[in-house]
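Keeping their order, the protein sequence lines are chains U and R.
Take 1 as the starting number for the first sequence in full-length UniProt numbering and just add one per residue.
Take 1 as the starting number for the second sequence in full-length UniProt numbering and just add one per residue.
Note that these hints are calculated values from the structure, not bench results.
Be aware that a few hints might be false.
To be verified - Computed beta-carbon distance windows for the label pairs:
#1 R:G36 x U:R30: 36 to 46 Å
#2 U:A79 x R:A27: 36 to 46 Å
#3 U:L31 x R:T54: 35 to 45 Å
#4 U:E62 x R:R66: 37 to 47 Å
Claimed, not checked - Covered stretches of chain U, going by a simulated chain R footprint (3 or more residues, C-beta under 8 Å):
#5 32 to 39
#6 42 to 51
#7 57 to 67
#8 72 to 82
For every residue, glycine included, the Cβ atom is placed at its ideal position computed from N, Cα and C.
Protein chains: 2
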Amino acid sequence: MTAYTATVTVRLKRGVLDPEAETTQQALERLGFELGDLRSADRFEIDLDADDETAAADRAGEMAERLLANPTIHDYDVAVEPRE
Amino acid sequence: MTAYTATVTVRLKRGVLDPEAETTQQALERLGFELGDLRSADRFEIDLDADDETAAADRAGEMAERLLANPTIHDYDVAVEPRE
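One chain only, chain U, in its complex shape (with noise of 0.2 Å):
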């Protein structure tokens, strides 16, 4: 078993209203910034054990298809890197 850790970084499906996204970014142009578009998103961090980096990714999407991401309105990815 290695240590690892698999990042899930879950997204508003383009489409999807994202108010807080719009707020965030009505705020920064009030305070004098210039910018296209803003898009948020939701990081998360795991840490794990598995045999090999396909095993710790696959387990991590798994964790997002249960829990972390809702497949209606969410696009998830997974990067896994070994962790020291």
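Fit chain R to the given chain U structure using the hints.
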């Protein structure tokens, strides 16, 4: 001016309690997943135009300082890449 996407990741400093992450971890364990630790972070993807990558990163860093992160409890990092 070139189009960039700056990604600002805002996470709680070590030692700051994160009840949401704790609840998520417990829910995953209740579903039968084994994991060592789970940390959550907010990720902002910001489209902006700037003269070069350094200018884009500086501007995104300033947004983090002034609005996206609370320096008392948050650390943040900024990554910039060109946008097509």
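Each hint, compared with the structure:
no., hint, in the structure
1, R:G36 x U:R30: 36 to 46 Å, "holds, 41 Å"
2, U:A79 x R:A27: 36 to 46 Å, "violated, 22 Å"
3, U:L31 x R:T54: 35 to 45 Å, "violated, 21 Å"
4, U:E62 x R:R66: 37 to 47 Å, "holds, 39 Å"
5, 32 to 39, "holds (count 7)"
6, 42 to 51, "holds (count 8)"
7, 57 to 67, "holds (count 5)"
8, 72 to 82, "violated (count 0)"
In terms of the numbered hints stated before, the structure departs from hints 2, 3, 8, listed from lowest to highest.
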